[in-house]
Amino acid sequence: MAYSEKVLEHFKHPKNVGTLDKTKKTVGTGLVGAPECGDVMRLQIEVDESSQTIKDAKFKTFGCGSAIASSSLATEWLKGKSIEDAMKIDNMDIVEELALPPVKIHCSVLAEDAIKSAIKDYKTKNDLAD
Amino acid sequence: MSVKKIYLDNNSTTPCDPRVVEAMLPYFNDYFGNAASRSHPFGWQAEEGVDYGREQIAKLINVDPKEIIITSGATEADNLALKGVYEMYKRKGNHIITLQTEHKAVLDSCKKLEKMGADVTYLSVQRDGILDLAELEAAITDKTILVSIMWANNETGVIQPMKEIGEICAKHGVLFMSDATQAVGKIPVDPKATGVHLMAFTAHKMYGPKGVGALFVNRKNPRVKVTAQLDGGGHERGMRSGTLNVPGIVGFGTAAELARLEMDKDAERLSKLRDKLEKGLMDNLEEVYINGNVEHRMPHVTNLSFKHVEGEGLMMTFNQNIAVSSGSACTSASLEPSYVLMALGLGDDLAHSSIRFSLGRFTTEEEVDLAIDALTKGVNHMRDLSPIWEMYKEGVDLESVEWTEH
Numbered sequence: 349m350a351y352s353e354k355v356l357e358h359f360k361h362p363k364n365v366g367t368l369d370k371t372k373k374t375v376g377t378g379l380v381g382a383p384e385c386g387d388v389m390r391l392q393i394e395v396d397e398s399s400q401t402i403k404d405a406k407f408k409t410f411g412c413g414s415a416i417a418s419s420s421l422a423t424e425w426l427k428g429k430s431i432e433d434a435m436k437i438d439n440m441d442i443v444e445e446l447a448l449p450p451v452k453i454h455c456s457v458l459a460e461d462a463i464k465s466a467i468k469d470y471k472t473k474n475d476l477a478d
Numbered sequence: 145m146s147v148k149k150i151y152l153d154n155n156s157t158t159p160c161d162p163r164v165v166e167a168m169l170p171y172f173n174d175y176f177g178n179a180a181s182r183s184h185p186f187g188w189q190a191e192e193g194v195d196y197g198r199e200q201i202a203k204l205i206n207v208d209p210k211e212i213i214i215t216s217g218a219t220e221a222d223n224l225a226l227k228g229v230y231e232m233y234k235r236k237g238n239h240i241i242t243l244q245t246e247h248k249a250v251l252d253s254c255k256k257l258e259k260m261g262a263d264v265t266y267l268s269v270q271r272d273g274i275l276d277l278a279e280l281e282a283a284i285t286d287k288t289i290l291v292s293i294m295w296a297n298n299e300t301g302v303i304q305p306m307k308e309i310g311e312i313c314a315k316h317g318v319l320f321m322s323d324a325t326q327a328v329g330k331i332p333v334d335p336k337a338t339g340v341h342l343m344a345f346t347a348h349k350m351y352g353p354k355g356v357g358a359l360f361v362n363r364k365n366p367r368v369k370v371t372a373q374l375d376g377g378g379h380e381r382g383m384r385s386g387t388l389n390v391p392g393i394v395g396f397g398t399a400a401e402l403a404r405l406e407m408d409k410d411a412e413r414l415s416k417l418r419d420k421l422e423k424g425l426m427d428n429l430e431e432v433y434i435n436g437n438v439e440h441r442m443p444h445v446t447n448l449s450f451k452h453v454e455g456e457g458l459m460m461t462f463n464q465n466i467a468v469s470s471g472s473a474c475t476s477a478s479l480e481p482s483y484v485l486m487a488l489g490l491g492d493d494l495a496h497s498s499i500r501f502s503l504g505r506f507t508t509e510e511e512v513d514l515a516i517d518a519l520t521k522g523v524n525h526m527r528d529l530s531p532i533w534e535m536y537k538e539g540v541d542l543e544s545v546e547w548t549e550h
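Listed in order, the protein sequences are those of chains A and B.
Its first residue numbered 349, the first sequence is counted upward by one per residue in this note's numbering.
Its first residue numbered 145, the second sequence is counted upward by one per residue in this note's numbering.
No wet-lab data here; the hints were simulated from the structure.
Do not take every clue at face value.
Claimed, not checked - Distance ranges between label pairs, derived from CB positions:
hint	chain 1	residue 1	chain 2	residue 2	range
1	A	447	B	517	27 to 37 Å
2	A	428	B	548	45 to 55 Å
3	B	440	A	447	53 to 63 Å
4	B	147	A	428	46 to 56 Å
Unchecked claim - Here are the computed lysine-lysine pairs in the DSSO-like style, where the Cα-Cα straight-line distance is at most 30 Å:
hint	chain 1	residue 1	chain 2	residue 2
5	B	248	A	363
6	A	372	B	537
7	A	363	B	256
8	A	468	B	149
9	A	464	B	451
10	B	315	A	363
11	A	464	A	363
12	A	370	B	423
Since this is a predicted model, take the numbers as computed values, not measurements.
Here a beta-carbon is modelled for each residue, glycine too, at the ideal position from N, C-alpha and C.
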């Protein structure tokens, strides 16, 4: 199976790899997947409280190239977005952007779950309604 | 800039030895005849090539040339042995015993036979990949007609105690078949001395061409017969119809002869290189595990798990120039990790993290050095990216994390 140029680029030079301080109130952390399934994604956002926009995003992923590319792309898209717009990121947008084959669609689903889970964590910490 | 491509996937297939290709070439045009044409020199020449090739193949495994049934490969030979024995002997009983770690050609043939009324026992293996002899013996019933155990495993290289299995089968009067695809030509394989009555193997795993294989069928004590699965001209003593692949058989024969003469030298050199590869990686990296028994395994194979690194992702760091294979689910359409490694009792996570290296006659020490270097870089890259590696390093008990399975 050949990978698309975009997957290869994100895989070789992943964007926003790293860790944010999960104890901070402004940081939301999403940890999705399971080692047994061969994919674990941890995606974190840091929210600017006054504007409610995402000022930073970081990830670490255990998984195949498509999973790493999906999470790298997700962090790119998240930066600068409002929470509301971030909730609108759909896994099929990721599939399209990275030209993922059908067998890799679950990687994009996982990235969407990671985004939603990070936002949920942020909202819970700050007593914001879903 | 072109990068040197390094092939460490010789269990998938091997390159043809140039000496094999040279031997085959005249049989594409000078001696193109049909080996079954008994009435003219074109046929005679082709038949001569086939006879000689068959002798060379037989000599490699120390059997009579008449006991070699030529097929299109090991998959066909496995199918012929299992289905052919079942059809021939089902009046005597319908029970077959095999292993969970067999190749799909055996497992799927057994599945088919189950639909046709067979009762199949799929024995589990121990943690090191070797079957439990007592369990095998206990599984034999008065309905058992066949035990099918692979000589060496394709994923781990683990070699089964063939002689002991042969003795158990002889004691109970049960036929013993083996898929010896990964063993023949690499280590000494002597079915008669081992009590094996049917044995499948193929040319392209031993530096011969693709598309030609063989089934050894014991002729005397006991005289074994299989029901043909292909109908036609009654070639191969009625067991496998179809015009013989003359250049393929000539190439198979040459590959067999080269293997017979060079096996010891190749095995000695490759086991040193394999050990160097293993040691190099284990010295450079933490949390590397060898899968399968390390004493009873093929000299050119190692299967390693790099903890907290996903196999397919790891391969992507170097697969532009190094060829290996992985038991990771992501390399298969089913998203299930290797059933062979799972049968060894590895957790899903270690199965997902596995890489199989299989060296070959043309592997050089320089290539092994380059592979150690590339793998070390790749594993470090993937661990820098891995949240579970970070958690492991922070001392988080990964077993206690509530994962969201998907």
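Status of the hints after comparison with the structure:
For the pair residue 447 of chain A and residue 517 of chain B, the beta carbons lie near 31 Å from each other, so the given range of 27 to 37 Å is met. At about 27 Å, the beta-carbon gap between residue 428 of chain A and residue 548 of chain B misses the expected band of 45 to 55 Å. A hinted range of 53 to 63 Å for the beta carbons of residue 440 of chain B and residue 447 of chain A is inconsistent with their spacing of about 45 Å. Judged by the Cβ atoms, the range 46 to 56 Å given for residue 147 of chain B and residue 428 of chain A is violated: they are separated by roughly 38 Å.
For the proposed pair residue 248 of chain B and residue 363 of chain A, the alpha carbon gap of about 40 Å is over 30 Å, so the pair is violated. Distance hint between residue 372 of chain A and residue 537 of chain B is fulfilled; the C-alpha atoms sit about 21 Å from each other, no more than 30 Å. Straight-line distance between C-alpha atoms of residue 363 of chain A and residue 256 of chain B comes to about 49 Å, which puts the hinted pair past the 30 Å bound. Among the hinted pairs, residue 468 of chain A with residue 149 of chain B is inconsistent with the structure: their alpha-carbon atoms are about 47 Å apart, more than 30 Å.
For the proposed pair residue 464 of chain A and residue 451 of chain B, the alpha carbon gap of about 28 Å is at most 30 Å, so the pair holds. This hinted pair does not check out: residue 315 of chain B and residue 363 of chain A have alpha carbons roughly 64 Å apart, beyond 30 Å. Between residue 464 of chain A and residue 363 of chain A, the direct Cα distance comes to roughly 19 Å. Compliance with the 30 Å bound is thereby established for this hinted pair. For the given pair, residue 370 of chain A sits about 38 Å from residue 423 of chain B by alpha-carbon distance, which is inconsistent with the 30 Å threshold.
Violation of the numbered hints given earlier is confined to hints 2, 3, 4, 5, 7, 8, 10 and 12; the remaining hints are satisfied by the structure.
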